[in-house]
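Chains A and B, in that order, are what the protein sequence lines are. Using the working numbering, read the first sequence as starting at 2 and increasing by one per residue. Using the working numbering, read the second sequence as starting at 2 and increasing by one per residue.
The set of hints was computed from the structure by calculation and includes no laboratory data. Given the structure is predicted, the values throughout are model-derived calculations rather than measurements.
Identical copies go unnamed one by one, so any copy, or any two together, can satisfy a pair.
Cross-link-like lysine-lysine pairs, in silico, DSS-like; alpha carbons within 30 Å at most:
no., residue 1, residue 2
1, 135, 6
2, 113, 31
3, 36, 6
4, 161, 6
5, 162, 7
6, 202, 162
7, 161, 202
8, 89, 161
9, 113, 202
10, 202, 7
11, 202, 135
12, 7, 115
13, 135, 7
14, 115, 6
15, 98, 161
16, 31, 6
17, 36, 89
18, 115, 162
19, 162, 135
20, 113, 162
21, 98, 7
22, 98, 31
There are 2 protein chains.
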Amino acid sequence: MARKKKGLLLVVSGPAGVGKGTVDGALIAKHPEIKMSVSVTTRAPRPGEIEGVHYFFRTKEEFDRMIEQNAFLEYMHVFGMNYYGTPKAFVEAEREKGNHVILEIDVQGAMKVKETCPDAVMVFIAPPSLQILKQRLVGRGTETQESIDVRTATALEELKKLPRYDYMVINDVVEEAVADMEAILSAELNRTERNAELITKLTGGETI
Amino acid sequence: MARKKKGLLLVVSGPAGVGKGTVDGALIAKHPEIKMSVSVTTRAPRPGEIEGVHYFFRTKEEFDRMIEQNAFLEYMHVFGMNYYGTPKAFVEAEREKGNHVILEIDVQGAMKVKETCPDAVMVFIAPPSLQILKQRLVGRGTETQESIDVRTATALEELKKLPRYDYMVINDVVEEAVADMEAILSAELNRTERNAELITKLTGGETI
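So here's chain A without its partners, still in its complex pose (with noise of 0.2 Å):
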């Protein structure tokens, strides 16, 4: 995974509790040519939040001209009052490293930057079932029944959507859905329309 090639760009969507955080963290801790998408958004850094670490902190009328320019991957306005996007530069940079990067993202934000960034590898990570979801939320032992009921029906809706990604990975185990990711990248990077550079440097130039 280490080839002097364009990194990837991996967007990652799946229900609250199923544990995205957890499988990106450690294939992150693993590799280290993957980096999370860093989001720039309006709102104020919270104690010990570094920028251009946790967030891009930027102010509205700073993140209206990226609108104008179109900076963003994908952006949103969070209750009307803040904004959080995903800039396009930041990703780009990486990639062009051959760095991956990996953005966490709900479904709605993923179909932009599907649209936005056609190349992007899209990848759901999903429960061994509801009924587990559920109970990884109770588990928590956070949650509020009714924040447990409103989760687990919003995860239903998601599941829905599961036909638009491009990849569906199972989080039963954490580091069988870690050897999963894994697989993805380095699968998706053996895709000959991605390697259009080296199919050109072995045939001269010339395909059929």
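Got chain A sorted already, so can you dock chain B onto it with the hints?
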């Protein structure tokens, strides 16, 4: 890779001398759930060849009947004398058991298989360069200069058709090529379009 889902048909092409057999052999040795496709032929068995292992030996009449019955993924005449074909039934039976089937075949045959079996995974094994392929052919010590020239020219023609394949695997170090093939199998098993049943089970049948 040992999950109870339908296995994959992996169509593998690549120029003479690239090491297809070595890569596929190593893959099969590691994974008992991967099988080589067994062809039907009208030629006579050679000493030691076993029916159903090396080939299915059939008469021309039987072969013609199989053509009529649409029983081949692809078939061809060789030297206007003997017929060779890939029987659908063998491939399907293995895939239904959850096994993967590797079909080593030339580019022309591969394209026919892609038509009759659109969910086949098309893999092209390529050399690091044409120069290196030529060196390997020379290194065999069994090829005449003329044969090396012909094979190199044929290899170039085959490489030009690389974009028709889903994946390309560079056979530089065999172990790495095997790992690439493993990743392709694993990733393909996680493609959403191969998991319609699982998605239906997760969502209770509704998708949007």
